[in-house]
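We have chain A; now place chain B onto it with these hints.
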Amino acid sequence: MRPIALRELAFSSQGGAAARAPAAEVDAAGDPRPVRSPVQARDIAMCLTAIALLLRPMGPWFVRPAILAVAVLMILSPALLRSALAWGAIAVMVAVRIADDWPLADNHVYLLGYWAFAIALSLRARASADTLACSSRWLIGLAFVFAVLWKTMLSPDFLDGRFFRVTLLTDPRFGDAAQLIGGLSSGQLAANRKALELLPPGAELLDPPSIAEPARLRLLASAATWGIVALEAAVALAMLLPAPAVGSSVRHGALLLFCGTTYLFAPVAGFGWLLLAMGVGQLDDRQTVLRRVYVAAFLVVIFYGEIPWAGLALDAGRG
Amino acid sequence: MKMLAPALLVAVASTQIALSRTFDLTAWKGGGFGMFSTLDHAGYRGVDIVVDAPDRSESLQVPASIELAVARAAACPADRMLRAVAEAVVARERRYQRPVSRVTLTFWRADFDRATLRPSERPVRTFVYDVP
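Here the protein sequences line up with chains A and B, keeping their order. With this note's numbering applied, the first sequence corresponds to residues 225 to 543, in that order. With this note's numbering applied, the second sequence corresponds to residues 93 to 224, in that order.
None of these hints come from the bench; they were simulated from the model. Do not rely on the hints blindly, as some may be mistaken.
Now the in silico label distances, taken between C-beta atoms and shown as ranges [as the list claims (entries may be wrong)]:
1) 222/B with 303/A: 57 to 67 Å
2) 106/B with 535/A: 39 to 49 Å
3) 538/A with 114/B: 10 to 20 Å
Every residue gets a Cβ at the ideal spot worked out from N, C-alpha and C, and that includes glycine.
The shape of chain A in the complex, shown without the other chains (with noise of 0.2 Å):
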């Protein structure tokens, strides 16, 4: 195995014999310049997606050391992290973590599999980097149109409103950004959090309490729901109509959207992650500027999910 770092010359298209070869250039002092040779964007999507399985490790005690160990030797080693099996190893593990407790795991773990299986097909394709570019745009587009489906004529309480209307004074995750943004005081949140418990079968009270739900509450209710329908269904078009209709910059400005507001609020940083590096597998090695801006986002869900951000702006508000 030939360590590296996370250089870009340890992604060169030659492999190690691009690093080895004498430099062509000198520079002022007459010391040897260093060969810069191109990342290959579909290595940044792979190696984002070995660090997504090192920061949300996953599954029972019988694949969850094996997807780390892998994970880390793909960051470490080039050639495992370009190798069929190794890809084809973590699409079983994952598919094994899913069937072990069937059917509690959460959806991004599917999409992870498929993702996985995917770069493994691709690394055995003749043109590996059109396929696994045509696979990430083909994965994100159903798993998104399956999203839409189900929010718009499958589940009976979403475009109603009252999915986001109970999840922001329920859900605890959302609770800061319903004080925040909703405009609701603790006391009320508090307050409507016990009028939503449930009572047992055939009880009812005599006085039941009535649900404070200000203006702006309602309003971000509306908003979450409407603008998580029309972003889901932005992506899902970029990605799945034909490329002369939707241009490069809009499929990559619609799932950038989507992840920079969505996982903002929602808690699932590790979906957040697969899809940057889903969005990463689609670009060609030309788009560097497109490639740090996925870069860039993946960092920022990082410290999305990890800041208490509303929180924060909470406690700063009451001084």
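Using the frame of chain A, we list chain B on its own:
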């Protein structure tokens, strides 16, 4: 080759929709990408357990040892899942040398009023397991 993984996604997600319609699989689970689309999730679903024997009829709180089985059954209250819960309950009762001849499981979920948001618990399915 490039369409194999997307085809797998469509197959699993379509199956998830079918299971949600036939076995009440929650939209949030099963690979159908229905998360954050409905209140019908683990927080508002559950399984009540009643144990019967000649000298007892007792409602049980879900013990930690069978929490996982109950979570799976609440997410997808199919016969197989509910039977697994019932068998785990019987095994636990026998470990504590308590008599058990029947386990009755009631799968319920919460509905929220469209206007007032007031929740109500609605029994959806009852599963009776007679101990062999």
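Hint check results:
1. 222/B with 303/A: 57 to 67 Å: 59 Å, holds
2. 106/B with 535/A: 39 to 49 Å: Given about 40 Å between the Cβ atoms, the range holds.
3. 538/A with 114/B: 10 to 20 Å: 44 Å, violated
The structure does not agree with numbered hint 3 stated previously, though it agrees with all others.
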